[in-house]
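Q: Could you build the full structure based on these sequences and the hints that come with them?
Protein chains: 2
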Amino acid sequence: MKKALCIMSGGMDSTLCAYMAKKEGYEVVGLHFNYSQRTQDKEKECFYKICEILGAKTVEIDTNFIAQIGGNSLTDRDLEIRKTMSDEVPNTYVPFRNGIFLSIAAAVAERYECEAIYIGVTQADGSGYPDCTAEFIKAAQKFINLGRVYQSTVKTPLINLSKADIVKEALNLGVALEYTWSCYENGVVACGKCDSCRLRLKGFSKANAVDKIAYAKLS
Amino acid sequence: MKKALCIMSGGMDSTLCAYMAKKEGYEVVGLHFNYSQRTQDKEKECFYKICEILGAKTVEIDTNFIAQIGGNSLTDRDLEIRKTMSDEVPNTYVPFRNGIFLSIAAAVAERYECEAIYIGVTQADGSGYPDCTAEFIKAAQKFINLGRVYQSTVKTPLINLSKADIVKEALNLGVALEYTWSCYENGVVACGKCDSCRLRLKGFSKANAVDKIAYAKLS
Chain R
360 MKKALCIMSG
370 GMDSTLCAYM
380 AKKEGYEVVG
390 LHFNYSQRTQ
400 DKEKECFYKI
410 CEILGAKTVE
420 IDTNFIAQIG
430 GNSLTDRDLE
440 IRKTMSDEVP
450 NTYVPFRNGI
460 FLSIAAAVAE
470 RYECEAIYIG
480 VTQADGSGYP
490 DCTAEFIKAA
500 QKFINLGRVY
510 QSTVKTPLIN
520 LSKADIVKEA
530 LNLGVALEYT
540 WSCYENGVVA
550 CGKCDSCRLR
560 LKGFSKANAV
570 DKIAYAKLS
Chain L
360 MKKALCIMSG
370 GMDSTLCAYM
380 AKKEGYEVVG
390 LHFNYSQRTQ
400 DKEKECFYKI
410 CEILGAKTVE
420 IDTNFIAQIG
430 GNSLTDRDLE
440 IRKTMSDEVP
450 NTYVPFRNGI
460 FLSIAAAVAE
470 RYECEAIYIG
480 VTQADGSGYP
490 DCTAEFIKAA
500 QKFINLGRVY
510 QSTVKTPLIN
520 LSKADIVKEA
530 LNLGVALEYT
540 WSCYENGVVA
550 CGKCDSCRLR
560 LKGFSKANAV
570 DKIAYAKLS
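Read top to bottom, the protein sequences are chains R and L.
The first sequence runs 360 to 578 under our numbering.
The second sequence runs 360 to 578 under our numbering.
Check each hint, because a few of them may be wrong.
Just so you know, same-sequence chains aren't split out, so a pair can sit in one copy or run between any two.
Unchecked claim - No farther apart than 20 Å at their CA atoms in a straight line, the calculated lysine to any residue pairs in the SDA-like style are these: (1) Lys565 - Gly533; (2) Lys501 - Pro489; (3) Lys501 - Gly487; (4) Lys501 - Thr512; (5) Lys416 - Gln427; (6) Lys497 - Gln510; (7) Lys408 - Asn545; (8) Lys497 - Val508; (9) Lys362 - Gly430; (10) Lys416 - Gly430; (11) Lys416 - Gly429; (12) Lys362 - Gly429; (13) Lys403 - Glu544; (14) Lys552 - Arg397; (15) Lys571 - Leu532; (16) Lys527 - Lys561; (17) Lys381 - Ser564; (18) Lys565 - Ala523; (19) Lys362 - Leu413.
Calculated directly from the structure, the hints in this document are not laboratory data.
A: Below, the structure is given as structure tokens:
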């Protein structure tokens, strides 16, 4: 059975990707990264729960050097996570995170002969990170296959979907969205205010759907 | 002063690269990776010694997931390191190692605003690894700059040099080659038989120069 390595954060987008890979007939291998981000434990729990539901194999990799490099509010606790939308790249941008994740995925895919690598990037309705564009993924595809013996295809089924499209498609496929975590803050419930919560809530709202996860009461 | 991030293994090629970067007028920041390879302690010692000589800043990053991924004889102690030359990619090939190293270097370079990233790959006289070609580096350059806010240039001054050229250039620049380690085995002295020793010795021989490091007596 052909294998797909799915980079899975435990969030909504990458979870949908893994369901799509399974629907395409792949044996799903979930790949999760810990990088000492604020919500590491929550994301990991969601990752394992989703993989259990999907019957997927799991690979968990520690990349704590990302926190060592620093310079972003996901790993630096003394930087505040932005709560207002703006056109600038926000301080939640982790330098070249998707580049690092794709490179490690390439090594894992080569080792386990996974012919597809799924990554849930979206350029249509994201936070404006440079490592989420179609042009970047095209360059990644070339980089990955020129540098290895085994060849795989990078798949980004969400690249041009809006958050509303993502919610609709996820509900369509019966994705267990109630087990996903998107919030950048490590609260007991999602904050509802950070970029990631706002984008998620906007997606549900535009899709006329109800998000079943709990949010902090907004003042 | 403009900064160059130099990926340095503690071996001959990357050490020469760092000297070349310094000669080009850069402030050198040495970047070293530990990945539970057999010769981790020796390489690390060489890295720090060379950086001390160069007056370079140091960044040391643990990437032990490379050993977790496995599939190569540098990290898998139960695989034997090849001692005969052949045209096949040898089992010392670590899946996508340079891809991973360049991606992490890209993040470090973005964080510390290093306008150049030096990597000592050589396609002319290497072991035939796919992640050492000029075409691969060109793809890496595109991948790295498309995925980041800050832009840097990947420099590979050794890409077309033979090992003999490298030895000559290193002696020319007064590189402390006696403090470098190339052997794949973790012996008290270099084995003289692995691909890496053979290439190094061939380089010295063709350059009519003497390698001052100690080798095991060859039977």
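Q: For each hint, tell me whether it holds in the structure or not.
A: The hints, checked one at a time:
no., hint, in the structure
1, Lys565 - Gly533, "within (18 Å within a copy, 66 Å between copies)"
2, Lys501 - Pro489, "both (17 Å within a copy, 13 Å between copies)"
3, Lys501 - Gly487, "between (23 Å within a copy, 19 Å between copies)"
4, Lys501 - Thr512, "both (10 Å within a copy, 18 Å between copies)"
5, Lys416 - Gln427, "between (29 Å within a copy, 16 Å between copies)"
6, Lys497 - Gln510, "both (14 Å within a copy, 18 Å between copies)"
7, Lys408 - Asn545, "within (18 Å within a copy, 42 Å between copies)"
8, Lys497 - Val508, "both (19 Å within a copy, 17 Å between copies)"
9, Lys362 - Gly430, "between (35 Å within a copy, 18 Å between copies)"
10, Lys416 - Gly430, "between (33 Å within a copy, 18 Å between copies)"
11, Lys416 - Gly429, "between (30 Å within a copy, 17 Å between copies)"
12, Lys362 - Gly429, "between (33 Å within a copy, 18 Å between copies)"
13, Lys403 - Glu544, "within (15 Å within a copy, 37 Å between copies)"
14, Lys552 - Arg397, "within (16 Å within a copy, 48 Å between copies)"
15, Lys571 - Leu532, "within (16 Å within a copy, 65 Å between copies)"
16, Lys527 - Lys561, "within (12 Å within a copy, 63 Å between copies)"
17, Lys381 - Ser564, "neither (27 Å within a copy, 56 Å between copies)"
18, Lys565 - Ala523, "within (5 Å within a copy, 65 Å between copies)"
19, Lys362 - Leu413, "within (14 Å within a copy, 47 Å between copies)"
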